[in-house]
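Enquirer: One-letter residues, chain by chain:
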Amino acid sequence: MKHYQWLVSLLFVTSLLTACVAPAPATQSGDASGESTGESTRTTLRIGASAMTDVLDAQQSFTGFSVDSIQIAQPLFRLDPDTRELIPDLVERWEFAEDGTSLMVTLPGDARFSNGDPLDAQAFKDAWLRYKTISPYNLDLEMVEEIRVIDDQTAEVLFNVPPAASLPVLITAFGAVWNTAVAEEIGDEAFTIAPVAGGPLMVQDFTAGSDLTLVRNPNYQTNLPLVENQGPLHVETVEVRLIQEEVTLAGELETGAIDLAVNAPQSALERWANNPDIQLYDYLEPGYVGIAMNLQHPYFSDLRVRQAIAKAVDREAIVKVLGATASPQYTFINSAMFAYSPEMDDYARDLHPHDVEAAQALLAEAGWADTDGDGIVELAGEPFMVEFLTSATNTQLHQASQVLQTQLREIGIDLQIVQQDEGFVRDAMSAGDYDIGFDSILWLDPDIFLGVLAGSWRNYPQYDNPEMVEELTAARQIWDPAERTAAYAELQQFWLDEVLEIPLWERRSYVAARSWVQGLHVGPNNRDLYLNDVMIVE
Amino acid sequence: MQQYLVQRLLVSVPVLLGVTAIVFAILFLTPGDPVRTMVDPRATEERVQEIRVQLGLDRPWPEQYLRWLGRVLRGDLGVSITAKRPVAQLIAEQLPFTLRLTLTSFVIGTLLGITLGVVAAVKQSSWWDHLITYTSIFWFSMPGFWLGLMLILIFGLWLRWTPISGYRENGALILPALTLALPQMGSLARLVRTEMLEVLGEEYMKTARAKGVRPFLLFYRHALRNAIIPVAVLLFLNVPWLLGGTVVIETIFAWPGLGRLMYQALLQKDFPVVQGLLLIIAFSTVVANLLGDITTVLLDPRIEQA
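Heads up: the protein sequence lines correspond to chains P and U, in order. Per our numbering, residue 648 is the first one in the first sequence, and the count goes up by one each step. Per our numbering, residue 218 is the first one in the second sequence, and the count goes up by one each step.
Just so you know, these hints were derived from the structure itself, not from any lab. On a predicted model such as this, the values are computed, not experimentally measured, just so you know. Backbone N, C-alpha and C define an ideal beta-carbon position, used for all residues, glycine too. Any given hint might turn out to be false.
Output of the computed footprint for chain U on chain P, the stretches with three or more beta carbons under 8 Å from beta carbons of chain U [what the hints assert, rightly or not]: (1) 776-790; (2) 833-847; (3) 854-861; (4) 883-892; (5) 898-907.
Pulled out of the complex, with its shape left as it was, chain P reads as follows (with noise of 0.2 Å):
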């Protein structure tokens, strides 16, 4: 045999071995909760994520919500998964004045920092105090007028406005009680890698960037009521590990090298659901993800323009191209947050549902006519050609962007897809420097879209409008719910019938453990790992 035949022989043998990877078999996904039936075998579980903070004190980091700092940290509430309503963590008792201007709070009487400091009022008067001053998101907790210690358990804190639009931000790690006085001993820097607080894990290593390892708080004591454990951990030792390449997370909880993956890679989802060693823990994600058009163009300050665009969207054949991680939204503010209105997904799905013909019509009526038939529509001899900005580094994206692609060529609009690095999309869609693109839209609150859709920190559409902004105001300050959700349910109508953005999808995140795993809590959302009844079950 030639020597060259023999190379091509390997390069198949080796294609062959690695093609012939055992799949798994097949097993289905998993509720939000688990029960522990067995003794534990093993005090340490280990976690992989595709995230991690540089900054594992969450009131000087920008990243807060990730799974290592609310281990370290204990905010005063959290939400139900089910209901969405405040339940308690480190609170024993709560209290908000009828209008929302006043909050009183009352602690165990034994709560303590993971070192063994007092865990009081005035512990609590401090942390909130440090984060008014160091964080770089001061402003959430710009309406706290005073914090008043009533006596060592007990403080009442008085708002300038009802703090309904902060309570995304409370239920974290930001809105968590941190030691103030350890990090005033060893200063601010040293204490971003060495934070006290009394969660549930208090820090023992941390290699940023790589590893960290958290180890049992024994002062650790909780009220929620989603777990029947509410002291110190089963688990000894939590290991975190950050992972960021799909191959090798999914490859690391396969091989049992760890326990947990948070934020399993979409790539493994169906190969996962089928397999009875793993479980799925899904939750949706507050928010959506939508076109974008820049009012400010010539093309799409016209109305029936975006609502042709709007009707020519099909969602379903999105969605299937993204596989398990997204479903079809038509409403800006999805059952997953605050102020969610289930009347005006209807609204929604009624007011553009697909209809390639309409939307000709429309654009026609615009005065878009293919004149040459090349397929693209023409005005005054300009071709409908747009530019469509996306991330590079975001795959579904990308893959959204091609699936929108041939959808508006049915209706004659040429989409060039121009794919950019992410923060370079970020800055020249809030300078309005573009011509449509993707709006991500992650926060439980409608609050966000005061920024979004109007304010000037983050107004992809470019839209100005006075009256539109003062109606956003005040609805940040309605603290009645139901009339905060009435408030946010006109506000989306009038965005709905102007387009100011088309919702296309909204996402599903999973958290994937192996089967020995045991009483695990997950969500709403994955900054919400409860390991209170976890048990190691091998």
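Following the hints, put chain U in place on chain P, whose structure we already have.
Expert: This is chain U only, laid out in the frame that chain P set:
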């Protein structure tokens, strides 16, 4: 030799200054306002301007450059925007991991590459030669990303011989080091083979053979000694290539190091970290070139005289 060394060092100074100017300019050339990445997106323009003044970013750019250069010369590479810690500290923490990875892969790649190149040259036209030549082309041509994933699939997932990622487990270094070493081995083997064949064809080699010099001495003392000169230069030029290659490899294998630090900093627009790392890479490239030149002179003094 001393004069040559001084000359090369003097030439390196303006090169390094030029590099610092380019690295500094990155801050201005990158789209977007760097101050905006440091603050709450809802911050007012007044607040942004306040921070700009605090950081001296409102000063004319030559003044900013000189201040920055002064700090760099004192070892102050600034503070990371996202990690809130000195850049020099972050680099110092991650550097040992990258050094461990690159030195290991450098040694593996070099030893294997030279050995295989010599064998291929000595056994020219045999099936050894063909096997080594074709596999060298294969390893050299494989993209690091693909090679790393294939090694993970085969040895980590299927055979379960090695850990897939991380650095704490025994054997965790094997796959990332191989991923960096194999392409290097491929290119070195081809170069060594070519140089050896050229040297083996020289008249003095025929004379040595005729005089009855033992094969080991013939190949390794006489032939390799002369063939290694261009290879030595390539070895040092590989150093910055290795450092750059770790960006992909460290991410795939979750290996903490400068490569992953760079990747994270680029994603997060953490400019002080990006600038600090670029300086490190540029400095190491200049030093590697210098060492390559010195090594060449040591191996062949005729170069200095020329």
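Enquirer: Now tell me, hint by hint, if it's right for this structure.
Expert: Verification of the supplied hints:
no., hint, in the structure
1, 776-790, "holds (count 4)"
2, 833-847, "holds (count 4)"
3, 854-861, "holds (count 5)"
4, 883-892, "holds (count 5)"
5, 898-907, "holds (count 5)"
The structure fails none of the hints (numbered hints given earlier).
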